[in-house]
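If you read the protein sequences in the order shown, they are chains P and Y.
Be aware that the first sequence starts at 1, since it is given in the working numbering, and climbs by one per residue.
Be aware that the second sequence starts at 1001, since it is given in the working numbering, and climbs by one per residue.
Simulated from the structure, these hints should not be mistaken for laboratory data.
No residue lacks a Cβ here, since even glycine has one placed at the ideal position from N, Cα and C.
Hints are not guaranteed to be accurate.
[What the hints assert, rightly or not] Which bits of chain P does chain Y cover? Going by a derived footprint, with three or more residues having C-beta under 8 Å, they are:
#	region
1	1–14
2	32–45
3	99–109
4	119–130
5	143–155
[Unchecked claim] Below 25 Å or equal to it, Euclidean Cα-Cα: the simulated DSS-like pairs (lysine-lysine) are:
#	chain 1	residue 1	chain 2	residue 2
6	P	Lys151	Y	Lys1126
7	P	Lys263	Y	Lys1180
8	P	Lys37	Y	Lys1036
9	P	Lys264	Y	Lys1163
10	P	Lys89	Y	Lys1163
11	Y	Lys1152	P	Lys123
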Amino acid sequence: MDVSIYPGCSLDGTAKEYGESLEAITSMLGVNLHELKDWNCCGASSAHSMNNDLAVALAARNLGIADQMGMDLVVPCAACYQRLKVAEKRLVAGEKLEGVDNYDGKIHIKPLVDFLWDDVGEKQILSLLKKRLEGLNPVCYYGCLTARPPKITDAKSPENPMSMDEIMTCLGANVRQWSYKTDCCGGSLILTRPDIARTLIRKLLDMAEEAGADCVVAACPMCQSNLDGRQREISQESGKEYNVPIFYFTELMGLACGNPSVKKWLGRHVTDPRPLLTRKSLV
Amino acid sequence: MTVAELPQLVVPESSFKREVERLSGENVSTCFQCEKCTNGCPLHSWMDILPHRMMRCVQLGVKEEALRSDTIWVCASCETCTARCPNGIDIAHVMDTLRQISQRDHVPASQRSVPIFHNAFLGSIKRHGRVYEGAMAITYSFKNESWAGVFKLAGMGMAMFRKGKVNIIPKRVRSLGQIKDIFRRTELKG
Ligand code: SF4
Ligand code: SF4
């Protein structure tokens, strides 16, 4: 199967392990990823906060490239996904944007996790399963922007997305249900109002614990780095010890499918997930 | 009193409302104050004007307070309000529009670090076509005149470097001319 991918700016930096693990797992699944040629930043929250036309034009340039490449487009970052979908809706509605000619919306844009579950599918994933994620109790965290707002994202179930839950369940994990799947982690405020972001992150970590989870699985580089990277500060601030591994779903897929690079990916986390996996005899 | 004798309810037509509606394309007039937006807003504790009140401010032309508020700068664009509004108002987009009007009219931002951050982020896109995370964060801290921030970032940067997450050379878009062109075309007239 051939699809194009819009990697976004973090996959090569703060979310390196996400980039590495998604490449590994898609290739194991027989998916050929074609990086959008000469893609540019989607503008994220900054562009739409400051200049709406700029935000749409930046995202639209990428869609013009995807359209020329002619394959469905997968997006591993929630914020990038939403920005691309905003541009898609405007183009399909007939808006003329320079550099994007005759965009007709024939290519589908999908979050990576939905693509792996809906299009690649359970059978293919199970065919690679080597080690069930037995004993692992994750909650799945989707974040804000793959789901919302549904009129832009076309999310089937914006208040209770399931694709990541399904993947983790089929790999043998004991997925816990919680009502914070799409609650905000304050990612866009992490540098400007870190105090607010920490409060929101702490809430998510507490709710994960209350749901009986021992780790969180994420599908977005912003969400993951936000939840993973601030736990020491939150512990100091609150006097409660936080040490919750935050996985990318692709890392756990790689682990369950016996990919040899798992240790390298996990070594890049701020909150070390290896002790938990050792306790569960998964590494 | 008969129905005909009831006093007319006069809602002033505000020019501010017309401007926000024109720029955002959103029909703020339809807000009937059900408060669904506010009830789901994860940032409401840090807001001085709650989201539903902000819609009311727009309707009634309470411009100064709206543009000087904390609300427009602490809103995290999580889109919960937009997803839930029974009248289909894209409230998050109205917040964007208010930020943009306040910048255009040179209203000092109540949370000054937020527009500084956004400008550092956009500066990185303008230079490279992509965001070069480390340099962007450092630029932001300098512009924000936060030395503590710079040192903290330097520490985090070292940790990231050791984990192989920092690129020495930024990855650039090759057709940078196209990006500069997009910036030129969409430049806001102040
Ligand atoms: S949810 Fe919509 S209608 Fe209800 S108060 Fe908010 S903006 Fe108004
Ligand atoms: S988009 Fe802004 S106003 Fe709306 S719910 Fe999120 S933080 Fe609140």
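These are the hints, each one checked on the structure:
1. Judged by the Cβ-Cβ criterion of 8 Å, the region 1–14 of chain P is covered by chain Y as claimed, because 5 of its residues qualify and three suffice.
2. Only when three residues or more bring their CB closer than 8 Å to a CB of chain Y does the claim for the region 32–45 of chain P stand; here the count is 7, and the claim holds.
3. Residue count for the region 99–109 of chain P with a Cβ under 8 Å from a Cβ of chain Y: 1. That is fewer than the three needed, and the coverage hint is violated.
4. For the region 119–130 of chain P, the assignment as covered by chain Y is violated, since 0 residues bring a beta-carbon within under 8 Å of that chain's beta-carbons and 3 are needed.
5. Look at the region 143–155 of chain P against chain Y: 7 of its residues bring a Cβ nearer than 8 Å to a Cβ of that chain, three or more, so the hint holds.
6. This hinted pair does not check out: Lys151/P and Lys1126/Y have alpha carbons roughly 30 Å apart, beyond 25 Å.
7. As the CA atoms of Lys263/P and Lys1180/Y are separated by approximately 41 Å, the hinted pair breaks the 25 Å bound.
8. A threshold of 25 Å between alpha carbons decides the hint, and for Lys37/P with Lys1036/Y the separation of about 42 Å lies outside it, so the pair is violated.
9. Among the hinted pairs, Lys264/P with Lys1163/Y is consistent with the structure: their alpha-carbon atoms are about 10 Å apart, no more than 25 Å.
10. At most 25 Å may separate the alpha-carbon atoms for a hinted pair to count; Lys89/P and Lys1163/Y exceed this at roughly 39 Å.
11. As the CA atoms of Lys1152/Y and Lys123/P are separated by approximately 47 Å, the hinted pair breaks the 25 Å bound.
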